[in-house]
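The lines below spell out each chain.
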Amino acid sequence: MLIKMLTGNQAAAFAAMNSMVRFVAAYPITPATPVIETISKLVEEGIMEAKFVPVESEHSAMAACIGASAAGLRTFTATSSHGLAYMHEMLHWAVNARTPVVMVVANRAIGPGWNIWSDLSDSLSQRDTGWLQFYCSSVQEIYDTIAMSYRVAEDVMVPAMVCYDGFVLSHTSVPVEITPLEGFINEYQPKWRISIEKPLTHGNILPPDAYISLRKAIHKAHRKALELIPEIEEEFFDHTGRSTPMLYETYRFEDAEEVLVAVGAVASEARIAVDILRSAGVKVGLLRLKSFRPFPSQIRRTLGDRKVTVIDRDFIPGVGGIVYQEISNLVQSDSMILGVGGADVTAEMIAEAFTKLVEV
Amino acid sequence: MIEPEYFLPGSAACHGCPAAMCLRVILRALEGKAVVVVPASCSSVITGVYPHSALNVPVFNSAFAASAAVATGIRAGLDFYGEEGEVVVWAGDGGTYDIGLQSLSGAAERGEDILYICYNNEMYSNTGVQRSGATPYGAWTTTTVGGKREHRKDVAEILMAHNVPYIATASAGFLNDLYNKVRKAREIEGFRYIEILAPCPPGWRFPMDKTVEMGRLAVETGMWILYEVVEGKMRFTGLSKVIAEGKRKMKDIKEYLKLQGRFSHLSEEDIREIERYRDRRWEFLKRRANEL
Amino acid sequence: MEIRIHGRGGQGVVTMSKIIAEAANLEGYFSQSMPFYGAERRGAPVVSFTRISEDPIYRTSQVYYPDILIVLDPILINFPEVFSGLGESSIAVLNSGSSADVAKKVVFVDATRIAIEHGLVVAGMPVPNVPMLGALLSSEIPISYKTMLEVVQKHFGADERIVSSFNEGYKGARRKTCRFTKMHFGHKGVMECEIPISTPSKGVAGRTGLWRVVKPVVDSERCNGCMSCWLHCPEGVIVETEEGIEIDYAYCKGCMICSSVCPKNAIKHESEMGVVQHAH
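Protein chains in written order, with our numbering: chain A, 31 to 390; chain B, 2 to 293; chain C, 16 to 295.
I should point out that these hints are in silico values taken from the structure, not numbers from a laboratory. Beta carbons: idealized from backbone N, C-alpha and C, even for Gly. Some hints could be false.
With a straight-line cut-off of 16 Å between C-alpha atoms, the simulated EDC-like cross-links for lysine to aspartate or glutamate are [said to hold, decoys possible]:
#1 K250/A <-> D234/C
#2 K228/A <-> E32/B
#3 K283/C <-> E207/C
According to the in silico footprint, chain B covers these stretches of chain A (three or more CB under 8 Å from chain B) [to be verified]:
#4 82-89
#5 93-103
#6 119-128
Covered, in the sense of this in silico footprint (three residues per stretch, anywhere, with C-beta under 8 Å from a C-beta of chain C), are these stretches of chain B [said to hold, decoys possible]:
#7 50-64
#8 82-95
#9 205-219
#10 231-240
Looking at chain A on its own, in the form it has when it is part of the complex:
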């Protein structure tokens, strides 16, 4: 087993390489920059067989990825915060174009004032573009999730975002199993691609009935992804021996009367908070939501009639927490906003906030 000390960003780059990515177009932005620096170097040294295009903006990064994906290449890019916001138009484009681009987002707050630290509002606020979105809680998970995302995205022809907290995960080094992926993922076989030989026009005017048909097809693709993901998780386990959840996972859940729901790095920290609360006699469990899109609405059954508190590392004026908003569509729940703008979140803070919330 190949184990290397890698940051989250480096793990992302290695995952792209081992997933047989053939095209990367990217523009640097803190804290995602090291992903593309690593890829640029791997390509330069001939270790990664891909074309790396240092474009002049994130808008162009996604545009180039869409073009390359439509032309039959497995594509990858990385961005963050303002870069993701600048891509917004092309995020929509990638969805309707049915180009299964995979992108990592090192989550970061959006300015002004400038704030380079972790905050999930950049990617969460892109939820309605139709991208699949997976939120990682560890560096190893970044590696694994990218590989599985290609399998899902390419099967259902919808692009996927793999998100992880900026600095907290992007710049933290841990030993990572960079398992070769051949066998689990093979050279991209596009269901359709641009070819000089085929005079097809992609994306011309779409009348209303065809437009709604396309939107329905993408909606169905999200549903299909929900069914497909457990099979892909299983295959991934067979290939790597690692059980990496893609939809959601629970912790100390069976006898729990109350539940914390969290995403990203905070969800990892929340495990400790659960332990702390448990030792204080609180019957609390954790549901870590990994897949925000497709949204696994089956968690309604999992949550049952437990009292639910949602932790958000995002704060949307006029709304509050985005994850809270989604969960409270399913079950009555409380909201807790922690770690916005990069504030550090400790298990003790979570436990304390939870206790206060319960008291209120």
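Assemble the complex: chain A is given as a structure, and chains B and C must be docked to it using the hints.
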């Protein structure tokens, strides 16, 4: 003599449309061996409505600002699969001069192997005639109702500063010249830029049978200058060469302006200002041609 | 009262719709003018809807059962679907020199001829909306001559050509009772789309030959086969055959560029509408 057609009859183009006319010539010059990237523009409408298309070549529609970047990705795909043929961006002056300038500049600087062709009708015609960075001084548009107060910029000259291997200007009035320039560009690798003056009958307000005549008058009056820059070496071509060599005098610009409704309100001073601008551009380009 | 106007880009459909709504408002009615924007180019079919009511108008949808149907383009009269939704009491107002059995009550006037005679031509296309607004007064529209003319002048200015073409449309309009059979149109099939990919086809904008106002006709005596017409044709409808130059009239839009670039003056202008055209 007659090659197959790749622009199919019955398109949604207006009567006398220069974009349809020139694209038809270009696709013949490329023998249909091209993927055409079309940003938001009249051409994204001209090609028609799903599930049909007027173009008998592969086409990829792109967001307005993104065509040169989309083309970058497609080029990489064709190279990967070993497919030979051009990736052609077919953009208007809105997608080239204004909203798409950043991605165009990026792709040019990176030396992407793309043939970028701008059909410049000197305004945003698709949205119904608004000013663009290519709209000439004095011209009426719906956002310059009293006539534009600024001169146009010149993207071909901006591309000169990018040191790309091939730049050419062309006009809907000289289609054989356009054909030849596309054939020439095809033989060159790297980023190539061709800009065509595309007189638009409804936008410029002239009768629909005068598209070619207007394209010729623009060159005859020196308002549009035909040239080529090959590996940094600039030379005038066609009628502009004859004018540059002093073998023919430029026609009075009024002959060009008076046929267009968009210039009908111009004062004598406006016309002199346009003339001064024309003369400055000639001086600049002549110096440029002599330098090398 | 619901009105539907059919025409082509460049014929002033949307302006006409707006003028009717504005005039109705001056007459004390609530009114609404609602263009349907396809991605039309000049020459392509355009539809606009006008509603006039004594009560506030809450509908924001299109007009399917018009009380008055106006057809600005003579060619469109040949398309049955243009007349969809007409009932026993509906009136059709046609830009045509003659009547047609499209509704029980038909008003008609040759507005194209009037437009050309008064120089109401933009970029080579006659704009018949002003004479048609004059003709519309012979329908059951609750707008007076005075009010309609006032709004027309507000939009186009008090130019003599405008006033006299309006008057000519008003006076020249004929009303006739016709044979009418209500038509039924089945639902179109639903168009599926999983990936937005289209295939090449002729006539993506329909039979664009119907856009023609003037027809180019080759004089083979004069033609020297230089193929300048073929080179410059924006649509690619000109081909060289053993017999000489042939034009595909199914798709030729009649822009007449072929004629203007012909060094031998061998392509003549022939009217499609029985109207005399100025020679090349």
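Going down the list of hints, with the structure as the test:
no., hint, verdict
1, K250/A <-> D234/C, "60 Å, violated"
2, K228/A <-> E32/B, "14 Å, holds"
3, K283/C <-> E207/C, "45 Å, violated"
4, 82-89, "holds (count 6)"
5, 93-103, "holds (count 11)"
6, 119-128, "holds (count 3)"
7, 50-64, "holds (count 8)"
8, 82-95, "violated (count 0)"
9, 205-219, "holds (count 9)"
10, 231-240, "violated (count 0)"
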